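Asks: Here is what each chain is made of, one letter per residue.
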Amino acid sequence: MIPAADVLPPALEVTGLVKRYGDVTAVAGLSLAVRAGECFGLLGPNGAGKTTTLEICEGLATADEGEVRLLGRAWRTDAGWLRQRIGLALQETQLAEKLTVYETLRLFASFYHAPRMVNDVIPLVGLEEKRDARVGTLSGGQKQRLAIACALVGDPKVLFLDEPTTGLDPQSRRQLWDLIEAYKRAGGTVVLTTHYMDEAERLCDRIAIVDHGRVIAEGTPRALVGSIGAEHVIRFVLADGAEVPSALLEALPGVRVVAGTRDDGTELQCTAVHETVPALLGLLAQRGARLADLRTHAPTLEDVFVSLTGRALREA
Amino acid sequence: MAKPFPALSIVQLTLVRIKEFVREPEAMFWSFVFPLLLAAGLGIAFRSRPPEQLRVALVRDAASDSLERVLERGGGLVVDVLDDSTALMRLRTGQVALVADRDAGGTLRYEFDPERPDGRAARFLVNDALQRAAGRPDPVPVVERTVRERGSRYIDFFIPGLLGMNLMSSGIWGIAFSVVTARNRKLLKRLAATPMSRAEYLASYLLSRLGFLAAEVVVIVGFGALAFNVPVRGSVGVFALVTLLGALAFSGLGLLVASRATTVEGASGLANLVMLPQWIFSGVFFSSKNFPDALQPFISLLPLTATVDALRGNLLQGSGLVELAPHLGIILAWLVVTFGLALRLFRWR
Ligand SMILES: Nc1ncnc2c1ncn2[C@@H]1O[C@H](COP(=O)(O)OP(=O)(O)O)[C@@H](O)[C@H]1O
Ligand SMILES: [Mg+2]
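Just so you know, the sequences run in chain order A and B. Mapping the first sequence onto our numbering, position 270 (from 1) lands on 270, and the numbers just tick up by one. Mapping the second sequence onto our numbering, position 29 (from 1) lands on 29, and the numbers just tick up by one.
Worth flagging that the hints you see were computed from the coordinates, not collected in a lab. Since we're looking at a predicted model, the values are computed, not measured. Using N, Cα and C, we set each Cβ at its ideal position, and we do this for glycine too. Treat the hints loosely; a few may be bogus.
[Stated by the list, open to error] Restricting the straight-line Cα-Cα distance to at most 35 Å, the calculated cross-link-like pairs of lysine-lysine (DSBU-like) are:
no.	chain 1	residue 1	chain 2	residue 2
1	A	Lys98	A	Lys184
2	A	Lys143	B	Lys289
3	A	Lys130	A	Lys98
4	A	Lys184	A	Lys157
5	A	Lys157	B	Lys289
6	A	Lys184	A	Lys143
7	B	Lys186	A	Lys130
8	A	Lys98	B	Lys189
9	B	Lys186	A	Lys184
10	B	Lys186	A	Lys157
11	A	Lys157	A	Lys143
12	B	Lys289	A	Lys184
13	B	Lys289	A	Lys98
14	B	Lys189	A	Lys184
15	A	Lys98	A	Lys157
16	B	Lys19	B	Lys189
17	B	Lys19	A	Lys98
18	B	Lys289	B	Lys19
19	A	Lys98	B	Lys186
20	A	Lys157	A	Lys130
21	A	Lys184	A	Lys130
22	B	Lys19	A	Lys130
23	B	Lys189	A	Lys157
24	A	Lys143	A	Lys130
25	A	Lys98	A	Lys143
26	A	Lys130	B	Lys289
[Stated by the list, open to error] Where chain A lies over chain B, by a calculated footprint (3+ residues, C-beta under 8 Å):
no.	segment
27	19–28
28	180–189
[As the list claims (entries may be wrong)] These stretches of chain A come out as covered by chain B in the derived footprint (C-beta under 8 Å, 3 or more residues):
no.	segment
29	54–64
30	104–118
Starting from the given sequences, assemble the full structure and let the hints guide the process.
Replies: Here is the structure:
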């Protein structure tokens, strides 16, 4: 019988992690468990502590408190063993500009006991035509794919990716997603950070939402979205910068959460859109406020974050 | 799965270093072309010339004609016969080294600046010629032999100094710049996240320097030998050992300079701090013996002093291993200490 995923030992287990930089507590007691073969996402705003957490898991930084067990081992005792078995892309590495794609990968391959063939990895990331091009001549998306190729060339069991698609154009992002999905299909475990909810929803089997160095919610994207108990999100903007007190909005039928958005709009998470919309329109007419925009959508991870923190993910 | 060839990471790291350097045209200029331009410039400026003629003035009067004939016969002097005030003006402006005059009573009068070496030399030559002409005997017989040998010219002194200086600046600049750039771009951090051996990473800098070392040495010494006939008297084996150890020691110093700096500016400042005293004290351009005795023990311990002294001993005097052992010991000590310290202090992020 094949054991179910949750009886296998976790690929990564983090308990009570704390990391302080002077007065700043970057990670404040964070715990999580990543199962072998899953893609796990750390979703949170800038400064939430995602990079710090990841770097501690990668053995690049040490925690002030707490424990990390990766593939059942600890960095303190098995660093060499672990380094052979993980691959990673940092948030902001610039590889040597004067080397070619092939030379860069051959260098990284030389560090591992059992690397993949460089010529097998290059097609994996779609850089065949750039094999002999200098890194300095690559586009942002190509550089990022090369960074991931460097992570894959050691044939890792666990792949850590820190904001792998930040700053890339939509086409490059999709190419990277395909790449990560292919690695996962081949049995790899992925831990990634992102502040894009669409990326988390598409790639991740499970997500931990991180804010101020803590996990504030955890689960599959579907369960997280379901957890806010809202069926719809109504988003509206008033003309001429008019405002309606949020107490009045909260009193509307079916409304669960009221939050501001970045573009001066307002969001209502609601359970009964057919009751809330007419009531909202009535309220606005009664106050003489004119609508500039009104739309509704099904709730997303972004709305989960809003309902948990009262802030929008991107502006927080 | 089969490992790609060549798999050794130290080989790969060293190859990468060499490629990065070769693909940087500016670095190639400073390591190869610049020292040649410097050697050519200084070689031409200090080329051997016929012995300098001293220019002296005689004050025009009844006696000046006969004095002029005597002085010109003596050799080594160019004589101008001038009126009193012009002669003094030329002395004051440095155009003549001495003004001579004989008064009515037959007494010789010399005006010169004793602080100027040419003034003292002119007084000696002029007085000697005039006194002999007046019948002074030399009580002790004299035999003179003149020596003009390869190996004692300025260019002979300078070529080993230039080679030592180049070993130092390529080692320190080449390494510090490359390491600090990699740290700045988070590449060091990325490498530290792989199973790469950290000692191998640092050692690859030393090894790649050796690749360029041969080229640098051949270019500089070859240029000196071909263009200026600078002698190469010592054994090639000893010469290779001295340059090898010197280059490794300066690479160690370069790694140490680069071990913690996070900006190129910070590393440049530190590199200059390390190199400037050695440019001044280590006898590259002029002999370090010009500095006070109290400083000599400190000066002789500098890696550049030891390297340059050993190179001069080998090239110019043909010294062997035994004579050069103290210098080699100093260089080796620098290599061990700087590499060891760099490995401990090195910051990977
Ligand atoms: N090396 C550091 N020194 C000081 N503060 C740091 C350092 N690294 C991170 N921080 C701080 O820790 C917090 C978390 O940062 P980070 O882990 O980079 O967040 P994220 O990756 O989620 O954007 C931030 O407030 C950041 O300013
Ligand atoms: Mg980050």
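Asks: It remains to establish, for every hint, whether it holds in the given structure.
Replies: For each hint, the structure was consulted:
no. : hint                   : in the structure
1   : A:Lys98 with A:Lys184  : holds (32 Å)
2   : A:Lys143 with B:Lys289 : violated (56 Å)
3   : A:Lys130 with A:Lys98  : holds (14 Å)
4   : A:Lys184 with A:Lys157 : holds (10 Å)
5   : A:Lys157 with B:Lys289 : violated (64 Å)
6   : A:Lys184 with A:Lys143 : holds (21 Å)
7   : B:Lys186 with A:Lys130 : holds (23 Å)
8   : A:Lys98 with B:Lys189  : holds (19 Å)
9   : B:Lys186 with A:Lys184 : holds (27 Å)
10  : B:Lys186 with A:Lys157 : holds (24 Å)
11  : A:Lys157 with A:Lys143 : holds (23 Å)
12  : B:Lys289 with A:Lys184 : violated (71 Å)
13  : B:Lys289 with A:Lys98  : violated (45 Å)
14  : B:Lys189 with A:Lys184 : holds (26 Å)
15  : A:Lys98 with A:Lys157  : holds (30 Å)
16  : B:Lys19 with B:Lys189  : holds (21 Å)
17  : B:Lys19 with A:Lys98   : holds (8 Å)
18  : B:Lys289 with B:Lys19  : violated (41 Å)
19  : A:Lys98 with B:Lys186  : holds (16 Å)
20  : A:Lys157 with A:Lys130 : holds (27 Å)
21  : A:Lys184 with A:Lys130 : holds (25 Å)
22  : B:Lys19 with A:Lys130  : holds (18 Å)
23  : B:Lys189 with A:Lys157 : holds (21 Å)
24  : A:Lys143 with A:Lys130 : holds (11 Å)
25  : A:Lys98 with A:Lys143  : holds (13 Å)
26  : A:Lys130 with B:Lys289 : violated (58 Å)
27  : 19–28                  : holds (count 4)
28  : 180–189                : holds (count 5)
29  : 54–64                  : holds (count 3)
30  : 104–118                : holds (count 13)
Hints 2, 5, 12, 13, 18, 26 from the list above are not met by this structure, while the remaining hints are.
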